[in-house]
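There are 6 protein chains.
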Amino acid sequence: MSKGSIEEFKAEREELNQIVMQYADLGIKRFFSLDSQAYREGALPPKTKELLGLVASLVLRCDDCIKYHIIRCDEEGVASAELVEALGIGLLVGGSITIPHLRRALQAWDELQREDGDA
Amino acid sequence: MSKGSIEEFKAEREELNQIVMQYADLGIKRFFSLDSQAYREGALPPKTKELLGLVASLVLRCDDCIKYHIIRCDEEGVASAELVEALGIGLLVGGSITIPHLRRALQAWDELQREDGDA
Amino acid sequence: MSKGSIEEFKAEREELNQIVMQYADLGIKRFFSLDSQAYREGALPPKTKELLGLVASLVLRCDDCIKYHIIRCDEEGVASAELVEALGIGLLVGGSITIPHLRRALQAWDELQREDGDA
Amino acid sequence: MSKGSIEEFKAEREELNQIVMQYADLGIKRFFSLDSQAYREGALPPKTKELLGLVASLVLRCDDCIKYHIIRCDEEGVASAELVEALGIGLLVGGSITIPHLRRALQAWDELQREDGDA
Amino acid sequence: MSKGSIEEFKAEREELNQIVMQYADLGIKRFFSLDSQAYREGALPPKTKELLGLVASLVLRCDDCIKYHIIRCDEEGVASAELVEALGIGLLVGGSITIPHLRRALQAWDELQREDGDA
Amino acid sequence: MSKGSIEEFKAEREELNQIVMQYADLGIKRFFSLDSQAYREGALPPKTKELLGLVASLVLRCDDCIKYHIIRCDEEGVASAELVEALGIGLLVGGSITIPHLRRALQAWDELQREDGDA
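From first to last, the protein sequence lines are chains A, B, C, D, E and F. Letter by letter, the first sequence follows residues 2 to 120 in the numbering used here. Letter by letter, the second sequence follows residues 2 to 120 in the numbering used here. Letter by letter, the third sequence follows residues 2 to 120 in the numbering used here. Letter by letter, the fourth sequence follows residues 2 to 120 in the numbering used here. Letter by letter, the fifth sequence follows residues 2 to 120 in the numbering used here. Letter by letter, the sixth sequence follows residues 2 to 120 in the numbering used here.
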């Protein structure tokens with residue numbers, strides 16, 4: 002996942018979201034609104050919330066959701082050791098069936114760390 | 002999902018089904034037969050059955066199954082507003098983890114609507 | 002599930018909902034509000050929406066959710082033949098792992114039919 | 002799970018199956034027929050098939066299905082060491098979320114072994 | 002979940018764990034050992050790890066696992082507002098199918114808060 | 002899945018495993034170690050264990066995991082009729098939602114059989 006690939010991921014996500022919004026009824030729009038609000042600062046900091054979203058996405062095995070939260074974790078300043086412990090809990094709870102997703106999660110994380118190192 | 006891409010989807014599905022049938026034992030063949038019969042006219046019309054299959058596929062998060070039922074819903078004359086309400090129930094029951102699949106579902110639906118408009 | 006047992010189910014559900022609302026933040030309250038709105042009359046009639054909720058609940062294998070939608074289907078005047086076809090699609094999509102839930106779904110439905118017959 | 006409790010489990014299962022068959026349409030009846038045929042002697046012996054059904058039930062976390070296959074494994078002469086290795090694979094693949102089901106699986110197995118010892 | 006009911010939950014868990022350990026092979030024993038180590042102090046504090054375990058358990062819908070992490074969250078001094086935000090993320094990610102588990106999670110939490118208030 | 006594609010699958014898996022190991026903490030490393038040990042000769046032969054892993058992967062619908070176990074089943078000398086019966090149990094337990102994965106499983110198996118025939 003090079004910077005280009007992350008931009009590509011974000012661009013495709015944005016493009017598809019526009020199709021969703023074009024068709025969405027009020028219920029779907031409200032769901033998307035709830036979704037964007039849930040990870041904001043509250044009793045728990047955004048960093049913890051993104052880790053919660055990441056682990057939930059790992060045990061439910063959704064690559065797109067995992068990649069999104071990996072990017073958000075990087076933006077929120079999660080350290081590699083913290084991310085790995087969170088993923089480790091997801092692996093343990095969700096079992097070896099999560100391993101292919103864990104691999105792709107760490108591949109994305111690795112690319113982000115390289116970029117951060119370059120910047 | 003251009004018309005070409007739908008034809009491609011159907012062609013690949015057909016090709017793989019032939020491999021399945023080449024290896025399938027009686028049990029698997031009977032399962033496939035049950036599957037094709039389940040969505041036929043009965044106490045419920047095919048349109049409702051396809052919506053049931055679509056929502057079940059969305060909450061279980063299977064892109065191939067979703068795309069198949071999206072195509073079938075279009076063939077059965079489901080209206081956009083009906084499809085969106087059904088997807089909205091799937092989103093609510095299945096949660097934000099279904100969103101990437103919802104995006105691809107509506108992308109496919111959008112392509113089919115454009116084709117229908119062209120025809 | 003005698004009438005008493007249905008009343009008991011509803012009473013326990015109500016009691017637990019009160020605990021939820023006592024602790025719920027705005028996000029959870031809005032989610033519950035979305036949930037109650039999703040099954041109302043729209044492009045699709047409530048009857049179809051309840052069948053969608055039922056099949057989604059069956060393939061995700063949640064007994065409480067199934068029982069709730071079974072009761073709602075009965076209230077919306079779903080016929081046995083319609084309900085059985087919807088459950089049959091859920092069984093086919095979700096597999097034999099749904100059978101214990103299918104059994105309890107039809108047990109509840111059977112009790113409701115006896116009550117309706119008595120009334 | 003004393004012998005009485007196993008008898009109770011089987012009796013309840015039988016009772017609910019009768020309700021299912023009272024309402025079932027042809028599709029559901031055929032599904033149940035396929036289900037009973039799938040575990041019969043074939044290229045694989047019933048013992049292996051029951052272990053396959055058990056592990057599938059464990060990773061999908063269905064207590065009733067697990068108990069059923071535990072009873073069948075005992076009837077097919079599966080040894081404790083074999084059963085435990087199969088469950089261990091299910092635990093690894095499915096993760097710690099399967100542990101409560103693993104506990105109940107081994108509780109049932111333990112009761113069956115005591116009965117077999119008594120007989 | 003009165004104090005007695007929590008003690009009961011713990012006692013039953015302990016009793017079943019003894020049966021597991023009586024049958025467990027080395028692989029299962031090592032898995033249980035990994036499981037107990039994963040939630041210890043590390044780069045992330047135990048409090049955050051318990052919230053991760055709780056949300057993973059909620060989206061995978063395992064009542065026993067949820068109750069266990071609810072008890073552990075209480076022991077680690079998680080505040081109600083923090084717990085509710087974490088559960089809210091689980092509800093959003095996992096959808097309305099998690100609601101029955103959310104109800105029971107907050108029922109258990111409510112009982113623990115009453116006990117803590119009494120002590 | 003030509004021989005090249007299998008080599009490609011293995012190469013990508015190896016490459017990603019190296020990224021995992023670069024970031025992995027002790028818990029994740031131990032989990033991977035447990036995973037590689039679980040399928041070794043024991044009370045059950047590796048062939049049976051691979052079939053168990055295959056069926057668990059099919060009902061949980063993980064294409065990478067399925068392909069891995071398909072390759073291992075071929076290496077362990079599983080016959081087509083045995084493989085098909087195992088997949089048939091997975092199809093029945095997991096339902097029609099597994100069909101797209103079943104198709105890809107048999108496509109991979111078919112390629113391996115052609116290669117074995119060529120060798």
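For the record, the hints were derived by calculation from the structure and aren't laboratory data. Please note that a few of the clues may not be correct.
Which copy? The list can't say, so a pair holds if one copy fits it or any two copies do.
[Said to hold, decoys possible] Each computed EDC-like pair below joins lysine to aspartate or glutamate, with the alpha-carbon atoms no more than 20 Å apart:
{"id": "1", "residue 1": "Lys48", "residue 2": "Asp36"}
{"id": "2", "residue 1": "Lys30", "residue 2": "Glu16"}
{"id": "3", "residue 1": "Lys30", "residue 2": "Glu9"}
{"id": "4", "residue 1": "Lys48", "residue 2": "Glu83"}
{"id": "5", "residue 1": "Lys48", "residue 2": "Glu16"}
{"id": "6", "residue 1": "Lys30", "residue 2": "Glu83"}
{"id": "7", "residue 1": "Lys30", "residue 2": "Asp111"}
*Would you pick out the hints that fail for this structure and give their numbers low to high?*
3 and 5
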